[in-house]
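K.L.:
Residue numbers (this note's numbering), protein chains in the order written: chain A, 15 to 263; chain B, 819 to 872.
No lab work stands behind these hints, which were simulated from the structure alone.
We put the CB at the ideal spot given by N, CA and C, even for glycine.
Warning: the hint list may mix true and false statements.
To be verified - Label-pair distances were calculated between CB atoms; the ranges are:
no., chain 1, residue 1, chain 2, residue 2, range
1, B, ARG863, A, PRO183, 40 to 50 Å
2, A, LEU17, B, ARG855, 27 to 37 Å
3, A, HIS196, B, VAL851, 29 to 39 Å
4, B, ALA824, A, VAL177, 42 to 52 Å
5, B, ARG860, A, THR58, 45 to 55 Å
6, B, VAL844, A, THR58, 23 to 33 Å
Claimed, not checked - Here are the computed lysine to aspartate or glutamate pairs in the DMTMM-like style, where the Cα-Cα straight-line distance is at most 25 Å:
no., chain 1, residue 1, chain 2, residue 2
7, A, LYS202, A, ASP59
8, A, LYS128, B, GLU821
9, A, LYS250, A, GLU261
10, A, LYS61, B, GLU821
11, B, LYS854, A, ASP163
12, A, LYS61, A, GLU210
13, A, LYS19, A, GLU248
14, A, LYS61, A, ASP215
15, A, LYS250, A, ASP162
16, A, LYS250, A, ASP163
17, B, LYS854, A, GLU256
18, A, LYS202, A, ASP215
19, A, LYS250, B, GLU870
20, A, LYS61, A, ASP138
21, A, LYS19, A, GLU246
22, A, LYS255, B, GLU870
23, B, LYS854, A, ASP162
24, B, LYS854, A, GLU158
25, B, LYS854, A, GLU248
26, A, LYS128, A, GLU64
27, B, LYS854, A, GLU261
28, A, LYS202, A, GLU64
29, A, LYS19, A, GLU261
30, A, LYS128, A, ASP138
31, A, LYS255, A, ASP163
32, A, LYS128, A, ASP59
33, B, LYS854, A, GLU246
34, A, LYS250, A, GLU158
35, A, LYS19, A, GLU256
36, A, LYS202, A, ASP138
Claimed, not checked - Far from chain B, some chain A residues (derived; all Cβ distances over 12 Å):
no., residue
37, PHE18
38, ASP162
39, VAL177
40, ILE209
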Amino acid sequence: MNLFKYSAPSIFYPLAGRLATGFAVAAVLLLVIGLYMSFFVAPTDYKQGEGYRIMFIHVPAAWMSMLIYVVMAGWAAAGMIWRTRLSSMMASALAPTGAMFTFITLWTGALWGKPMWGAWWVWDARLTSELILLFLYIGYMALESAIDDPRRAARACGLLALVGVINVPIIYYSVQWWNTLHQGASIKMSESGGIETSMTDIMLWTLLIMTFACWCYTIAVTLTRVRNTILERESKTVWVKEMVQREEK
Amino acid sequence: MAEWFAMGGHGFYIWGSYAVTALFMVVETILVVRRKRTLLQRLGRMMRMNSEVE
Numbered sequence: 015m016n017l018f019k020y021s022a023p024s025i026f027y028p029l030a031g032r033l034a035t036g037f038a039v040a041a042v043l044l045l046v047i048g049l050y051m052s053f054f055v056a057p058t059d060y061k062q063g064e065g066y067r068i069m070f071i072h073v074p075a076a077w078m079s080m081l082i083y084v085v086m087a088g089w090a091a092a093g094m095i096w097r098t099r100l101s102s103m104m105a106s107a108l109a110p111t112g113a114m115f116t117f118i119t120l121w122t123g124a125l126w127g128k129p130m131w132g133a134w135w136v137w138d139a140r141l142t143s144e145l146i147l148l149f150l151y152i153g154y155m156a157l158e159s160a161i162d163d164p165r166r167a168a169r170a171c172g173l174l175a176l177v178g179v180i181n182v183p184i185i186y187y188s189v190q191w192w193n194t195l196h197q198g199a200s201i202k203m204s205e206s207g208g209i210e211t212s213m214t215d216i217m218l219w220t221l222l223i224m225t226f227a228c229w230c231y232t233i234a235v236t237l238t239r240v241r242n243t244i245l246e247r248e249s250k251t252v253w254v255k256e257m258v259q260r261e262e263k
Numbered sequence: 819m820a821e822w823f824a825m826g827g828h829g830f831y832i833w834g835s836y837a838v839t840a841l842f843m844v845v846e847t848i849l850v851v852r853r854k855r856t857l858l859q860r861l862g863r864m865m866r867m868n869s870e871v872e
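Here chain A stands alone, though its shape is the one from the complex (with noise of 0.2 Å):
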């Protein structure tokens, strides 16, 4: 099967669509039963009460913000090497969800910093790369907005994207490298290669949860964002002719 098939945006128009929608009622379904867990089922936290609710939405923003970042970063190498303007389509698609999620975690770790350090923000070491990668995501729409030439502006948003790859691991091992503010890793391989942590079973299942809907609504925000730019860019083709006559009936 050859994949470079769907690199063919006439192709990858319609299978996009059907995943778009498939995830986002995916993501809408495992939402509900997250948030439900969330706040009913999960226990309360011996040491910090309700207020440990908030890791249901800070952790798995950041791990998204991590991931998308990666992502964005695979399609945007995929784009410059194959040059398919597709994947620098999908990396582009990509940025403003990630910097959405990175900003909920600075936002939601702030408000969960504040009652447990007492601080709003503190120049830590995860903290500060975090914030980083928000200014990377930022960088990279701006840098993409502000250059007309899409071929140009590829290469240019590809070559940010690799460079600020190595902003990911940074963030990621924080917490070990330099004695943090921000607790360590509550979810481990363990050498016997299990998972570790210190979790009960329902918050961690919670957790993944949550994170499971993150993920599918990510794919179908981006998806559907990748649709419009094919709309924009390949307007004059015929077969989005055809397509939009047959969705005018």
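Starting from the known structure of chain A, arrange chain B on it as the hints suggest.
P.N.:
Frame of chain A, contents of chain B only:
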């Protein structure tokens, strides 16, 4: 109910976090979906215009 809402005194922080997250996710979805609709409408109008000209 009010007692539950207070979240053991952390209500402000918890609802402040969840409300902003919900706001951002809803607004982002609305923006993307609305942009799709306007694009399709514009393409439709352009085509009708072109077909009248021919």
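K.L.:
For each hint, tell me whether it holds in the structure or not.
P.N.:
Evaluated hints:
no.	hint	result
1	B:ARG863 with A:PRO183: 40 to 50 Å	49 Å, holds
2	A:LEU17 with B:ARG855: 27 to 37 Å	31 Å, holds
3	A:HIS196 with B:VAL851: 29 to 39 Å	36 Å, holds
4	B:ALA824 with A:VAL177: 42 to 52 Å	47 Å, holds
5	B:ARG860 with A:THR58: 45 to 55 Å	53 Å, holds
6	B:VAL844 with A:THR58: 23 to 33 Å	28 Å, holds
7	A:LYS202 with A:ASP59	20 Å, holds
8	A:LYS128 with B:GLU821	21 Å, holds
9	A:LYS250 with A:GLU261	16 Å, holds
10	A:LYS61 with B:GLU821	19 Å, holds
11	B:LYS854 with A:ASP163	22 Å, holds
12	A:LYS61 with A:GLU210	20 Å, holds
13	A:LYS19 with A:GLU248	17 Å, holds
14	A:LYS61 with A:ASP215	17 Å, holds
15	A:LYS250 with A:ASP162	18 Å, holds
16	A:LYS250 with A:ASP163	17 Å, holds
17	B:LYS854 with A:GLU256	17 Å, holds
18	A:LYS202 with A:ASP215	14 Å, holds
19	A:LYS250 with B:GLU870	17 Å, holds
20	A:LYS61 with A:ASP138	23 Å, holds
21	A:LYS19 with A:GLU246	21 Å, holds
22	A:LYS255 with B:GLU870	15 Å, holds
23	B:LYS854 with A:ASP162	21 Å, holds
24	B:LYS854 with A:GLU158	20 Å, holds
25	B:LYS854 with A:GLU248	14 Å, holds
26	A:LYS128 with A:GLU64	14 Å, holds
27	B:LYS854 with A:GLU261	13 Å, holds
28	A:LYS202 with A:GLU64	24 Å, holds
29	A:LYS19 with A:GLU261	24 Å, holds
30	A:LYS128 with A:ASP138	14 Å, holds
31	A:LYS255 with A:ASP163	23 Å, holds
32	A:LYS128 with A:ASP59	17 Å, holds
33	B:LYS854 with A:GLU246	10 Å, holds
34	A:LYS250 with A:GLU158	22 Å, holds
35	A:LYS19 with A:GLU256	20 Å, holds
36	A:LYS202 with A:ASP138	21 Å, holds
37	PHE18	26 Å, holds
38	ASP162	19 Å, holds
39	VAL177	26 Å, holds
40	ILE209	25 Å, holds
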